[in-house]
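Make a model of the complete structure from these sequences and hints.
Protein chains in written order, with the working numbering: chain A, 1 to 370; chain B, 1 to 211.
These are calculated hints, taken from the structure and not from any lab test.
In this text the structure is predicted, and so the values were computed from the model without any measurement.
Even for Gly, the Cβ is constructed at its ideal location relative to N, Cα and C.
Treat the hints with caution; some may be incorrect.
[To be verified] As a list, the in silico SDA-like pairs of lysine to any residue whose alpha-carbon atoms are at most 25 Å apart:
(1) A:93 with B:66
(2) B:66 with A:224
(3) B:65 with A:277
(4) A:93 with A:169
(5) A:93 with B:123
(6) B:65 with A:35
(7) A:83 with B:158
(8) A:93 with A:277
(9) A:212 with A:79
(10) B:66 with A:365
(11) B:66 with A:169
(12) A:83 with A:35
(13) B:65 with A:93
[Said to hold, decoys possible] Looking from chain B toward chain A, a few residues come up when the C-beta cut is under 8 Å (computed):
(14) 80
(15) 92
(16) 167
(17) 168
Read off the chains here:
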Amino acid sequence: MKNPLTRVLLKVVARGFYQEHTGWLISLFLVVFVNFFWTRVPSQNHLTEAQILENGFRLVLLSVSEPIGVAALLGVCFVYSLKSWNYVAGRLKSVDVQFLAYSSNALPWRQQVTSWSVVQGVILLPVVVLCLYAMVIGVIFHHWLVPLLLPVYLLLLTVTGAAYYTRLLNDTVVKPDKRAGLTWARNWPKPVFSLFLYEIIATKRVTYFLTKGASAASIALLLLAFSDSRTDVRLAGMIALCCAVGHFILIFQASEFELFYLPFARNLPYGRGQAYGQQVLLYGVLLLPELVWLLAAGGFRTGLTAAGLLLSVTLLLRTLLYWTGQHMTSYLRIVVGLFLFLLLANLFALTGLLALGSALAAGLLLYRYR
Amino acid sequence: MLQLHNFSKSYRGRAVLRIDSFAFSPGTSWIQGANGSGKSTLLRAIAGVTPFEGDILLAGQLSVKKQAVAYRRLVNFAEAEPLFPEFLTGRELIHLFRAAKNGPPHQEDFYLEGLHMTSYVHEPVGTYSSGMLKKLSLVLAFLGQPTCIVLDEPLTTLDAAAIPVLCSWMVRQQAQQGTSFLLSSHQAFAAGSLPAMQQLLIEHATLHYPE
Numbered sequence: 001m002k003n004p005l006t007r008v009l010l011k012v013v014a015r016g017f018y019q020e021h022t023g024w025l026i027s028l029f030l031v032v033f034v035n036f037f038w039t040r041v042p043s044q045n046h047l048t049e050a051q052i053l054e055n056g057f058r059l060v061l062l063s064v065s066e067p068i069g070v071a072a073l074l075g076v077c078f079v080y081s082l083k084s085w086n087y088v089a090g091r092l093k094s095v096d097v098q099f100l101a102y103s104s105n106a107l108p109w110r111q112q113v114t115s116w117s118v119v120q121g122v123i124l125l126p127v128v129v130l131c132l133y134a135m136v137i138g139v140i141f142h143h144w145l146v147p148l149l150l151p152v153y154l155l156l157l158t159v160t161g162a163a164y165y166t167r168l169l170n171d172t173v174v175k176p177d178k179r180a181g182l183t184w185a186r187n188w189p190k191p192v193f194s195l196f197l198y199e200i201i202a203t204k205r206v207t208y209f210l211t212k213g214a215s216a217a218s219i220a221l222l223l224l225a226f227s228d229s230r231t232d233v234r235l236a237g238m239i240a241l242c243c244a245v246g247h248f249i250l251i252f253q254a255s256e257f258e259l260f261y262l263p264f265a266r267n268l269p270y271g272r273g274q275a276y277g278q279q280v281l282l283y284g285v286l287l288l289p290e291l292v293w294l295l296a297a298g299g300f301r302t303g304l305t306a307a308g309l310l311l312s313v314t315l316l317l318r319t320l321l322y323w324t325g326q327h328m329t330s331y332l333r334i335v336v337g338l339f340l341f342l343l344l345a346n347l348f349a350l351t352g353l354l355a356l357g358s359a360l361a362a363g364l365l366l367y368r369y370r
Numbered sequence: 001m002l003q004l005h006n007f008s009k010s011y012r013g014r015a016v017l018r019i020d021s022f023a024f025s026p027g028t029s030w031i032q033g034a035n036g037s038g039k040s041t042l043l044r045a046i047a048g049v050t051p052f053e054g055d056i057l058l059a060g061q062l063s064v065k066k067q068a069v070a071y072r073r074l075v076n077f078a079e080a081e082p083l084f085p086e087f088l089t090g091r092e093l094i095h096l097f098r099a100a101k102n103g104p105p106h107q108e109d110f111y112l113e114g115l116h117m118t119s120y121v122h123e124p125v126g127t128y129s130s131g132m133l134k135k136l137s138l139v140l141a142f143l144g145q146p147t148c149i150v151l152d153e154p155l156t157t158l159d160a161a162a163i164p165v166l167c168s169w170m171v172r173q174q175a176q177q178g179t180s181f182l183l184s185s186h187q188a189f190a191a192g193s194l195p196a197m198q199q200l201l202i203e204h205a206t207l208h209y210p211e
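Here you go:
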């Protein structure tokens with residue numbers, strides 16, 4: 001930690017990673033980690049203590065003994081690393097960290113990789129904890145091979161990430177920047193509403209696919225949990241709410257993109273109605289897979305109500321950022337609070353009313369901002 | 001030309017600018033002030049880019065808040081350090097601004113030739129240098145039929161050959177369309193390059209004429 005480069009990198013990269021991904025990490029913790037640490041199984045009164053322990057540790061033991069479990073654990077670590085590599089690569093292109101490209105790369109290569117390894121290790125802490133837990137439980141239950149290989153795997157992921165970042169900062173004069181590309185879309189129309197969609201294609205593909213994966217997973221899980229009420233508007237509403245909230249990182253990034261790259265758009269003579277229309281179009285396209293699924297799977301009336309709820313809540317989550325500003329922690333608190341409130345109200349079959357109310361609230365927030 | 005009424009701007013509760021009433025005369029106004037005095041904040045508010053308390057009127061009629069669309073069609077803006085999405089080409093941005101600001105077809109040709117930009121304007125702006133980006137933002141600020149053009153630090157990063165070209169555009173625009181200019185600049189303009197320029201000073205969190 002005494003190394004000045006490590007200290008700076010921890011502040012500008014690792015801290016930024018955790019600030020931007022707090023929501024993802026909380027979701028990951030609630031959905032995956034909690035069950036991984038201890039799987040709750042109801043009605044175990046008839047079992048012995050050893051059997052209860054085995055049931056509770058079923059998932060973690062699976063991850064160090066069975067091929068599918070091992071693949072899942074390694075896969076989670078790899079996807080997490082991939083996300084972090086994507087984040088750091090994007091972060092290194094930010095204007096405020098350009099100094100790294102003419103300071104840090106004057107250090108010997110080995111020193112740079114060491115500093116970046118520490119940073120990558122800090123970024124990987126959640127999956128390191130996961131793996132350490134799997135190792136300890138695995139050893140206790142006499143599974144040796146995977147617990148011994150896990151540190152090697154984590155080290156490999158850490159060093160690969162560190163080498164990648166070091167190369168990015170050292171090859172700045174060798175390799176032309178591909179970000180300015182999108183050559184295939186050069187002649188495509190680019191109305192103002194679509195600019196963030198192009199930005200997703202250019203730089204945020206991983207976030208997009210992870211978000212869509214989370215959306216698909218939440219739909220599948222809810223359908224599985226409530227398999228006997230598939231035509232119920234409340235279930236469709238619940239799916240819409242989960243999908244909308246699942247997009248909150250992309251929504252946050254859309255707002256960031258607008259603030260950073262599109263301040264000029266506020267000088268363009270667009271009225272409030274037009275600005276609202278642009279947001280509807282942007283999120284309509286962004287949520288197209290979910291909207292189509294809701295309309296196709298839920299029946300016309302139910303599907304339309306749920307699709308309306310999905311779009312309007314997403315718009316509300318976007319316009320809330322006009323009010324809160326780009327502060328992830330306070331934004332996240334509001335998102336969680338709003339989600340719980342809407343979820344509860346949806347249980348009283350107020351889905352249509354919630355859709356209307358959210359659309360109006362979004363319009364009001366945009367009106368006040370403009 | 002432009003009038004500020006009860007204008008105030010705060011960041012996190014700290015007032016950085018407070019102007020009870022001020023009217024800019026037609027012509028060119030050069031706003032000076034130390035770093036952090038609020039020059040860019042004022043210009044961004046006048047351009048309708050940043051929120052503020054109070055109101056700004058153009059020609060005594062158009063409010064930046066109440067007639068926002070009409071106001072923005074007539075008030076153009078170039079930022080001190082312009083940034084645009086990297087995948088857009090200069091040409092795409094020009095088309096966007098020209099359409100939004102209701103400029104005639106091929107209006108940009110004169111400006112692109114003047115600053116020798118035709119060879120790279122079709123390239124994505126991610127490939128531009130800061131000087132090229134600056135030139136592009138200046139071209140964008142001249143599109144349409146603006147009544148007022150707001151230029152924040154227009155000379156920064158411009159090469160020596162481009163400065164007289166920009167001055168000639170300003171003179172031409174003022175003569176042909178009566179456009180007024182609001183500038184902030186730390187660099188002085190060459191004597192005689194621009195017609196009479198009114199100097200203004202931002203200090204002690206307010207705007208006034210220098211003594």
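**Q.** Index of numbered hints that the structure contradicts, given in increasing order
**A.** 1, 2, 6, 7, 8, 11, 13, 14, 16 and 17
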